[in-house]
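**Student:** Residues per chain, in single letters:
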Amino acid sequence: MTPIRSIWIRPLLGALGLIVLFGTWETSIRLGWVPSGLLPAPSSLGPAWLEEVRSGAWIQAIRDSLTHYMMGLVIGSVLGMLTGLLCGAVPLLDGLLSGVVRVLRPIPGLAWVPFAILWFGLDTAGATFVIAISVFWINFYAAYGAVQAIDPDLYEVAASFGHGGFRARLRTVIIPASAPGVLAGLRTGLGQAWMSVVAAELFGVPGIGARMMQASSLLATDLVVVYMLTMALLYALTDTAFMLVRKRLLGWQG
Amino acid sequence: MTPIRSIWIRPLLGALGLIVLFGTWETSIRLGWVPSGLLPAPSSLGPAWLEEVRSGAWIQAIRDSLTHYMMGLVIGSVLGMLTGLLCGAVPLLDGLLSGVVRVLRPIPGLAWVPFAILWFGLDTAGATFVIAISVFWINFYAAYGAVQAIDPDLYEVAASFGHGGFRARLRTVIIPASAPGVLAGLRTGLGQAWMSVVAAELFGVPGIGARMMQASSLLATDLVVVYMLTMALLYALTDTAFMLVRKRLLGWQG
Amino acid sequence: MNTVVTDKAEMVASTGDVVVRLENIGLSHDHGRTFILRHVDLEIRRGEFVAVLGPSGVGKSTLLRVIMGLIRPSEGTVSLHPSPTAAHRPAAMVFQDAKLMPWRSVRRNVELGLEGLGLTRLQRHERAMAALDLVGLADMADRWPRQLSGGQRQRVGVARALTVEPDLLLMDEPFGALDAITRGALQDELLRIHARRQGTVLFVTHDLDEALVLADRIIILEGHPAGLRGDFAVGARPRDNTAPGMRAMAERMRRLIAGEEDPGADAAYWQASEI
Amino acid sequence: MNTVVTDKAEMVASTGDVVVRLENIGLSHDHGRTFILRHVDLEIRRGEFVAVLGPSGVGKSTLLRVIMGLIRPSEGTVSLHPSPTAAHRPAAMVFQDAKLMPWRSVRRNVELGLEGLGLTRLQRHERAMAALDLVGLADMADRWPRQLSGGQRQRVGVARALTVEPDLLLMDEPFGALDAITRGALQDELLRIHARRQGTVLFVTHDLDEALVLADRIIILEGHPAGLRGDFAVGARPRDNTAPGMRAMAERMRRLIAGEEDPGADAAYWQASEI
Amino acid sequence: ATVRVGYIPVIGSAPLFVMQGKNWARDAGIDMQLVRFQSGPQAIQALVSGKIDAYVAGVLPLLQARAHGADVKVVASAATEELEVVSRGALAEGLPEQPAGLSADEVRQRFADFTTKAGHKPKIAAQPLGSVPDTLLRYWFKVRNGLDPAQAADIVGIDIDAAQQAFLAGAVDGAILREPALTIIRHRMPGMRVLASGHDLMPGQPGSVLAIVNENAPDRAAWKTAFLTGFVKATHLLATDPEQAEPYVQQALGGGMLPRDIIIEALKVSAHDYVSDPASIVDAVSRLQDFEVQSGLLRKAEPVASLFDLESYRQIAQ
Ligand SMILES: Nc1ncnc2c1ncn2[C@@H]1O[C@H](COP(=O)(O)OP(=O)(O)OP(=O)(O)O)[C@@H](O)[C@H]1O
Ligand SMILES: Nc1ncnc2c1ncn2[C@@H]1O[C@H](COP(=O)(O)OP(=O)(O)OP(=O)(O)O)[C@@H](O)[C@H]1O
Ligand SMILES: O=C([O-])O
Ligand SMILES: [Mg+2]
Ligand SMILES: [Mg+2]
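Residue numbers (our numbering), protein chains in the order written: chain A, 1 to 254; chain B, 1 to 254; chain C, 1 to 275; chain D, 1 to 275; chain E, 1 to 318.
Hints were generated in silico from the structure; no laboratory data involved. All C-beta atoms, glycine included, are put in the ideal place defined by N, C-alpha and C. Careful: at least some of the hints might be erroneous.
[Said to hold, decoys possible] Between beta-carbon pairs, the in silico distance windows are:
#1 E:G50 <-> B:A236: 39 to 45 angstroms
#2 E:D31 <-> B:L38: 40 to 46 angstroms
#3 B:R63 <-> E:D31: 17 to 23 angstroms
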């Protein structure tokens with residue numbers, strides 16, 4: 001497992017990989033290996049993006065989507081994390097909810113769309129609901145699993161030093177020991193929430209997903225790709241910000 | 001962390017939780033706390049389900065969905081797992097793909113729907129593609145993370161006993177040590193794939209999702225819930241089967 | 001079967017209150033099919049320094065965990081009566097493999113037991129640093145556990161337990177990974193602290209000499225399931241471990257640990273009795 | 001600064017080929033800001049049984065890992081020349097904290113080093129069981145590592161290394177968690193095996209007496225950064241550790257470990273030289 | 001021959017279900033595979049990449065397909081004047097039960113009042129941009145009523161099923177819908193009111209059509225005429241004898257969830273709208289193409305005639 005030492009090699013390799021990807025893509029369209037209707041050429045993305053920016057649609061779509069994204073993410077993550085931690089740590093609660101979780105958990109966030117429309121309508125509230133639900137379960141399971149995986153020896157240590165009660169155990173063992181798992185769940189949720197943003201917006205709530213669908217119904221594949229990459233960019237930004245926070249919190253992992 | 005010892009208490013608690021849930025639900029509809037248009041009464045689900053079974057639509061929808069599910073799951077999981085293990089274990093490959101992964105990973109499975117239609121049409125192949133993509137990333141990250149989290153001491157042990165080469169390390173350390181993480185990813189994928197099944201089918205590919213959308217277009221909320229529970233049931237079956245396999249593989253975790 | 005070789009001729013601290021009382025303890029990991037410990041009766045009085053000896057895998061760590069209340073015995077009762085005082089813990093434990101919390105720095109690991117005692121942050125800090133100083137690791141206070149050597153981790157575990165000044169101190173091979181000099185220094189510290197505070201110490205070791213240097217009383221676990229096979233009072237200090245009486249006692253203990261018959265005591269020094 | 005107290009008066013196996021050669025080894029975890037080891041030169045010859053002594057945290061485990069090739073030194077070169085033979089490993093290591101693979105049963109942990117040697121499944125099984133028998137754990141072959149006591153885990157680590165019959169055997173405090181009897185038995189086994197196979201052993205211990213019982217040669221690490229501070233040849237067997245010569249040598253070693261000045265040797269027994 | 005036909009779940013696609021149910025396709029040696037799409041624009045995505053051979057859905061998305069180089073020809077019309085704009089709640093307030101053609105002034109007043117009272121524009125469900133419903137709705141606002149569509153209402157382009165659900169659930173204030181959704185809504189929501197009938201939207205309003213991809217490719221010859229013949233025959237049956245067609249339509253559209261009389265009623269209401277001759281919609285399509293160009297949905301207007309193959313129908317009609 002020799003890590004590549006130099007801090008330069010990795011970014012360079014990464015860039016090389018991207019160049020190869022986009023190069024092959026462009027070439028295969030130029031040489032007609034791939035019918036141009038099936039895939040836009042990378043070189044057409046720039047102009048399409050510029051036009052979209054100029055019209056103001058790009059910024060507006062981002063602003064709309066970010067609103068649902070943030071709200072759904074925060075609500076779903078906080079509730080999911082708390083419930084997961086509690087279920088992991090309190091066998092009684094875990095037992096009581098086990099049946100309900102078994103029934104509700106497998107119902108995918110998207111399957112709630114009919115009820116989202118019914119209960120919240122075709123607007124931000126409906127989108128937030130769908131996003132929150134799918135983020136909820138990811139965080140629930142990450143937190144639950146992390147608590148269950150805690151080395152039981154650590155509870156022994158805590159108990160031996162006066163931290164045997166529930167709240168003390170929560171503070172000295174459960175929260176710090178489950179932090180890596182909980183944060184991994186949060187991070188997965190950051191990505192998953194984008195999936196749900198698209199899903200929720202397919203049903204007419206304005207934003208990137210709606211805009212993407214519009215583009216695809218006009219066969220504007222270049223715009224579709226522009227919005228796919230926009231999502232990738234937004235995700236990369238949130239993810240990078242998240243990793244900075246994570247690094248501070250989990251410095252001990254080294 | 002005293003586990004609840006008796007093997008009976010947990011199922012009983014679980015059942016109790018479910019009874020409370022369904023009881024409150026039924027009561028609040030009977031007493032008119034919730035407008036009946038917004039939510040079907042649990043007692044109406046049985047008849048709706050029976051009728052759906054009698055017409056043959058239920059079995060047909062399940063059969064259709066399972067086909068997409070299985071194909072997407074297998075393709076996405078196998079590819080994701082392999083790529084994740086390799087990227088985790090081979091720094092050069094990891095470096096080369098890091099850029100590509102950063103760009104492609106955040107694009108949610110659903111955002112590929114326009115291209116799925118374009119490339120594969122709205123049939124099994126298109127649905128399989130959308131499902132496989134989202135399952136791919138889950139497995140990729142689970143495997144990758146699991147490999148990265150391996151205690152470096154274990155490589156030292158393996159190297160000290162003649163297993164220093166890449167393939168030997170793969171066999172004696174990487175695969176067994178990452179197995180819990182990889183299996184956790186597979187399991188998440190089992191659930192995530194249902195989400196994508198619905199997503200793909202919302203676009204008209206026949207199956208449970210399409211049927212649900214049809215029902216919801218008529219505000220037949222009872223049928224929508226029947227199909228939500230159907231998904232829960234199918235998930236529970238696949239998950240239980242999976243956990244049996246997992247238990248055999250990870251007996252050492254105790 | 002419960003033959004315990006005892007020697008109370010020179011029992012030192014037997015007049016104090018009972019701090020630990022085990023009655024007919026049994027412990028099984030498989031719902032009673034096989035037992036690790038069985039029929040263990042033990043009383044430890046305030047101020048005693050008791051060493052626990054026994055072959056590898058016999059159940060010494062298990063016994064300590066039962067006393068600390070970390071595992072519930074399958075049979076029998078445990079009662080603890082440590083004396084309560086402000087700003088200290090009634091009981092604390094040094095684990096066989098240190099068991100530091102990987103997310104806490106060395107200093108914050110030592111502070112673990114000080115939290116919840118109503119101390120200010122500064123007081124906690126000072127007490128933790130004093131304990132780290134004692135075990136010679138003051139300059140490693142800000143490291144993460146993974147950056148320590150095996151012996152250093154073990155010493156952090158000792159500091160963590162000492163700093164809470166417990167009335168009952170349980171130590172599971174605490175000096176096992178230390179060189180003779182570091183170990184000697186820590187043994188001296190431990191004895192000094194014990195003399196000053198008159199706390200109760202239960203000390204697992206695999207080293208008979210260490211037991212003879214430290215303990216007032218030595219108990220021996222042996223067998224499958226393990227039971228108490230010997231209970232010896234060691235003479236008052238200063239001691240001469242090379243004195244013939246001591247050597248004879250050591251030899252009897254060695255045989256007990258090895259599972260051999262007790263050769264019987266030289267009547268001038270001890271008597272073996274059945275209880 | 002590189003004063004190494006050496007005593008080659010009775011150097012035993014110095015005629016064999018060089019199996020390990022360290023030249024000017026330095027090791028740093030922080031890109032050269034501080035060093036754990038520095039300027040370490042060492043030659044070990046075939047058939048030597050070398051004990052490594054030093055205070056806790058000095059760098060003994062680090063030295064072994066460097067020799068085993070598990071960490072690359074920041075400075076200097078390591079060369080290994082174990083003799084190749086069929087169906088064995090050139091080198092093997094016993095880790096300080098056992099480091100068993102949690103997903104393998106005890107037996108399959110021992111088999112780890114046997115895989116890839118071209119043995120049949122049955123041969124592997126038999127050799128692993130023989131090694132487990134040697135360390136007294138044959139009846140635990142089917143357990144998971146988590147079901148063992150600390151000392152039992154350590155013994156599995158010893159069995160794992162012995163079963164591959166390495167030409168160079170590196171042992172990091174292998175008997176640290178064992179009671180005297182188990183330890184004595186394993187020491188005897190180890191000496192027997194060494195006498196029979198004439199392999200090379202590098203044995204880290206914190207126990208001077210253990211080193212004097214086992215080793216032909218004792219080296220001492222000390223300082224920050226750590227360097228070789230002593231290199232002693234121990235007399236031929238049978239030995240009497242209580243003989244005045246031995247006691248004097250032991251006392252010199254104790255002082256070196258403690259970082260005190262070497263008191264100088266009684267000229268009749270040894271000489272100190274600068275290299 | 002295997003023919004993959006993309007369709008949308010509206011009554012305009014009913015001829016396909018009759019052809020399949022009556023085995024007319026099979027009898028003509030055609031293995032017909034129906035692929036359901038949730039709107040015309042979705043179907044053209046499969047069309048341009050050659051995933052379907054024939055298309056039964058709104059005619060306008062084909063303009064987009066053509067602009068992206070797809071070779072596709074309309075060979076028959078299926079239904080005309082099928083779309084209506086319906087409203088509910090505040091937007092429907094005070095309207096008579098029977099649809100009465102609203103004047104442009106009345107429409108403008110109604111939308112303005114709603115916006116003032118509710119504090120936001122009414123939300124109207126349609127299908128995605130480029131679809132017939134979306135374009136007609138905008139055309140109605142702009143050309144018929146002199147309203148800027150973006151100012152007057154909040155138009156959401158969603159799937160056909162979703163639009164129906166959104167209207168029933170009250171998530172939108174209005175919708176532009178086709179049968180059988182209109183009949184379903186009439187039955188389930190007595191409070192629903194028609195803002196514009198098919199005729200109000202645009203006389204002779206074009207709707208679902210049958211189009212063939214790469215019509216002149218050699219393999220099409222094997223089934224083109226037979227398919228068209230069956231399709232026209234089925235259209236005729238639907239227009240004349242809805243009861244007979246009901247089971248097939250029920251199977252395909254209702255999925256068994258709709259009562260028989262709803263389907264029959266929907267078919268009856270649509271009966272006079274079934275017009276097969278493609279020539280009858282050319283002018284209207286041309287007008288809508290100009291409107292799409294004006295609104296920026298299409299880059300330029302190409303001769304509409306080249307989208308149509310009028311000859312094939314003429315031959316079988318004789
Ligand atoms: N990852 C690390 N980062 C920084 N320092 C480290 C790291 N790992 C070990 N050290 C330091 O290196 C020194 C040597 O460690 P090593 O484990 O070799 O000691 P040792 O002689 O084996 O001690 P012991 O007898 O206690 O096992 C110690 O002071 C330790 O704190
Ligand atoms: N989870 C478990 N399941 C079954 N047996 C166990 C389990 N944990 C420990 N044991 C067994 O219990 C016995 C006692 O273990 P314990 O750790 O108390 O021994 P010990 O006397 O502390 O030994 P050592 O000196 O080697 O640390 C051992 O034989 C061990 O194999
Ligand atoms: O039929 C259309 O949805 O265009
Ligand atoms: Mg132990
Ligand atoms: Mg060490």
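**Student:** Confirm or reject each hint.
**Tutor:** Hint check:
1. Separation of E:G50 from B:A236 is about 40 angstroms and conforms to the stated range, judged on CB atoms against 39 to 45 angstroms.
2. At about 44 angstroms, the CB distance of E:D31 to B:L38 agrees with the hint of 40 to 46 angstroms.
3. A C-beta distance of roughly 21 angstroms is found between B:R63 and E:D31, which places it inside the suggested range of 17 to 23 angstroms.
Violated hints are absent here; each numbered hint is respected by the structure.
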